[in-house]
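J.: Taken in sequence, the protein lines are chains A and B.
In terms of our numbering, the first sequence is residues -8 to 248.
In terms of our numbering, the second sequence is residues 4 to 327.
Honestly, the hints are just simulated from the structure, not real lab data.
Bear in mind that the values here come from a model prediction, so they are computed numbers and not experimental data.
Take the hints with a grain of salt, since some may be wrong.
Estimated spans, in silico, between C-beta atoms of each pair [to be verified]:
hint, chain 1, residue 1, chain 2, residue 2, range
1, B, A170, A, E128, 56 to 62 angstroms
2, A, P162, B, A173, 35 to 41 angstroms
3, B, A165, A, G228, 34 to 40 angstroms
4, A, E139, B, G194, 16 to 22 angstroms
5, A, N137, B, G44, 30 to 36 angstroms
6, B, G65, A, Q57, 47 to 53 angstroms
7, A, T243, B, G65, 46 to 52 angstroms
8, B, D66, A, M185, 52 to 58 angstroms
9, B, D66, A, N44, 32 to 38 angstroms
10, A, T20, B, A273, 21 to 27 angstroms
11, A, K231, B, A273, 27 to 33 angstroms
All C-beta atoms in this analysis are idealised placements derived from N, C-alpha and C, irrespective of residue type, glycine included.
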Amino acid sequence: MNIYVCIKQVPATETKIKINASGTGIDTTGIKWIMSPYDEFAVEEALRVREKNAGSTVTVVSAGPQRATETIRTALAMGCDNAIWVETPEETDSFQAAKALAAVIKKEAQPDLIFTGKQAIDDDCAQVSQLLATFLEIPYVTVALNAEYGAGTVTVKREVEGGTTEIIAMPTPCLIAAQKGMNEPRFASLPNIMKAKKKEIKQYKMADLGVTDADRKIKLVNMTLPAGKQAGKKITGDAKAQAQELARLLHTEAKVI
Amino acid sequence: MATALIYAEYKDGKIKKITHELIAEAARSGCEPVAFLAGAGVEALAKDLGAMGAKRVILVQGDALKFYSNEAYGKAFVEAVKSVNPAIILMGASAQGKDLAPRVAATLGIGLASDCTKVKIEGDKLKCTRPIYAGKALADVEFAGSGPQFATVRPNALSVGALQEDASAAVTNQPLDASALKSVVKDVVRGATAKLDVTEANIVVSGGRAMKNSENFALLEALSAVLPNSAVGASRAAVDAGYRPHSYQVGQTGKVVSPTLYIACGISGAIQHLAGMRTSKVIVAINKDPEAPIFQLADYGIVGDLFEVVPLLTEEFKKVLGEH
Ligand SMILES: Cc1cc2nc3c(=O)[nH]c(=O)nc-3n(C[C@H](O)[C@H](O)[C@H](O)COP(=O)(O)OP(=O)(O)OC[C@H]3O[C@@H](n4cnc5c(N)ncnc54)[C@H](O)[C@@H]3O)c2cc1C
Ligand SMILES: Nc1ncnc2c1ncn2[C@@H]1O[C@H](COP(=O)(O)O)[C@@H](O)[C@H]1O
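Bound conformation, chain A alone (with noise of 0.2 angstroms):
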């Protein structure tokens, strides 16, 4: 089976978030990047299933600057076999990723089956899985929570509102993002980590790939960090009180109840 999975580098989730200058992205400066945590389900979930499938191969993909081959090596050294790098201008919209990404699968082996996560904690779109699905012409499903893997059908979990699941059956090749809980991400082993480091990238551009400026959909603009809030009030007196206050508040002031 040619397994893919495709991952993106985000900043760590305990970033402080600053804005640069045209307020149209972040300021990068002294940010520690780690691979999308959804993004390790993805890949986890890859290799069991190679694991199971004695002759596959699985491929990960990331699209993005330089500095996105880091987050390829931490896939590999858990276990990825191959690894394609599509070279990205800094800004980038879901649109041109998808394409790209698009544009690399139908260049390479003919998928199987495409790993995703569920979203990608930067702009926290949770698009680009579904856009490149419909670009190749497959189903897909996202939220998964767990999936089962027969010959040519997958039948996957799908997590909504209120703990309901939806459970939906469909032919391979499809493409599958990750929820949170769908396994255990592993963690890669020292050997690994080294061998990793040898690996061959494979590289492409967007240009290579049909993607113009003209597939940005989207842009960003405006960037701003949300309003500091001005001290809260602090309610005081015994606690019969405070819940006599606080209700007078969200009644009277807050009008929220």
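Starting from the structure of chain A, add chain B with the ligands where the hints point.
T.: Same frame as chain A, but now just chain B with the ligands:
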């Protein structure tokens, strides 16, 4: 007059509030709101969409639409876009909207502003603001190129108008093309409780590690019970300890909520928790530690023991709400 096409969502035979919000915004801004309604045996809901302000309803029905699927619903919705030719397309940033909208955008070759917390229609322009980096920053969205401007909008971001029971929408039946569908929805397994999801609730009452066990969550359930349109949530510490299932978790690795009122009980306010609730309109914190970081974000803070305060609060809320 610009037309706004709105994806109508429903549950248990009722149109969801988010759909009402979207129709109301389109109507307020002078757009012609057209609703897209798909399913099996859902024609009666068209009237409700009319009462919410929809001028027209595109109705698609068939067995293939009995359960939501991005494939069947996506195909039908794209057809509707082609026939209505709207300037603006809106969906809720719900489980369905999030799954479906990018498929529609890809098929139409247009951009999508996902998960917006602020939306305003000005003439035929859609102005959107969306949180990025888990709400640590906000950005306005600029649409490039031609074609409809498309957004998914978080529940509770917009206000609803009053229902106009006598208003009705013109219904157009759109034929369903269910050929060549690849994926099949085998089953929909309802959650153990038929409760409102935290992402849809107008008020969220959340408990943290301080709840100590799952039984004590009954205190929060009781508080939630007196507040209409509310749901109970939990911090990761409470979920990891097994007090509540993961579907309750609010935060970076749980759900992102934007209710009108968020009440955090015995939650310290770790950055990963704030990522899931910082866009709430009004935040209340009840915590016995005056230094707890949650107080920096709270509009109203009570330093105290939640086991003492919460039951009293339930009584006070009852009194205030009973005055109507
Ligand atoms: C990658 C990553 C992802 C994460 N994702 C999430 C996430 O999605 N959601 C999330 O919530 N967390 C998440 N966390 C965990 C987060 O860092 C915190 O550990 C967690 O939010 C703490 O939960 P808590 O506030 O309930 O517990 P604590 O931090 O232990 O706080 C308990 C609070 O209760 C107060 N208290 C105790 N007794 C009482 C009482 N009787 N009355 C009133 N107050 C009392 C204490 O003063 C304290 O402030 C994540 C962490 C990581 C590293
Ligand atoms: N630049 C990218 N390169 C590779 N995969 C990506 C990229 N952007 C997004 N993805 C994949 O698509 C998922 C959803 O991302 P997003 O739509 O950006 O929230 C991510 O979890 C990744 O699996």
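J.: Could you run down the list of hints and mark each one as holding or not?
T.: Hints versus structure:
{"no.": "1", "hint": "A170/B - E128/A: 56 to 62 angstroms", "result": "violated, 41 angstroms"}
{"no.": "2", "hint": "P162/A - A173/B: 35 to 41 angstroms", "result": "holds, 39 angstroms"}
{"no.": "3", "hint": "A165/B - G228/A: 34 to 40 angstroms", "result": "holds, 38 angstroms"}
{"no.": "4", "hint": "E139/A - G194/B: 16 to 22 angstroms", "result": "holds, 21 angstroms"}
{"no.": "5", "hint": "N137/A - G44/B: 30 to 36 angstroms", "result": "holds, 31 angstroms"}
{"no.": "6", "hint": "G65/B - Q57/A: 47 to 53 angstroms", "result": "holds, 50 angstroms"}
{"no.": "7", "hint": "T243/A - G65/B: 46 to 52 angstroms", "result": "holds, 50 angstroms"}
{"no.": "8", "hint": "D66/B - M185/A: 52 to 58 angstroms", "result": "holds, 56 angstroms"}
{"no.": "9", "hint": "D66/B - N44/A: 32 to 38 angstroms", "result": "holds, 35 angstroms"}
{"no.": "10", "hint": "T20/A - A273/B: 21 to 27 angstroms", "result": "holds, 25 angstroms"}
{"no.": "11", "hint": "K231/A - A273/B: 27 to 33 angstroms", "result": "holds, 30 angstroms"}
Hint violations for this structure: number 1 only, all remaining hints satisfied.
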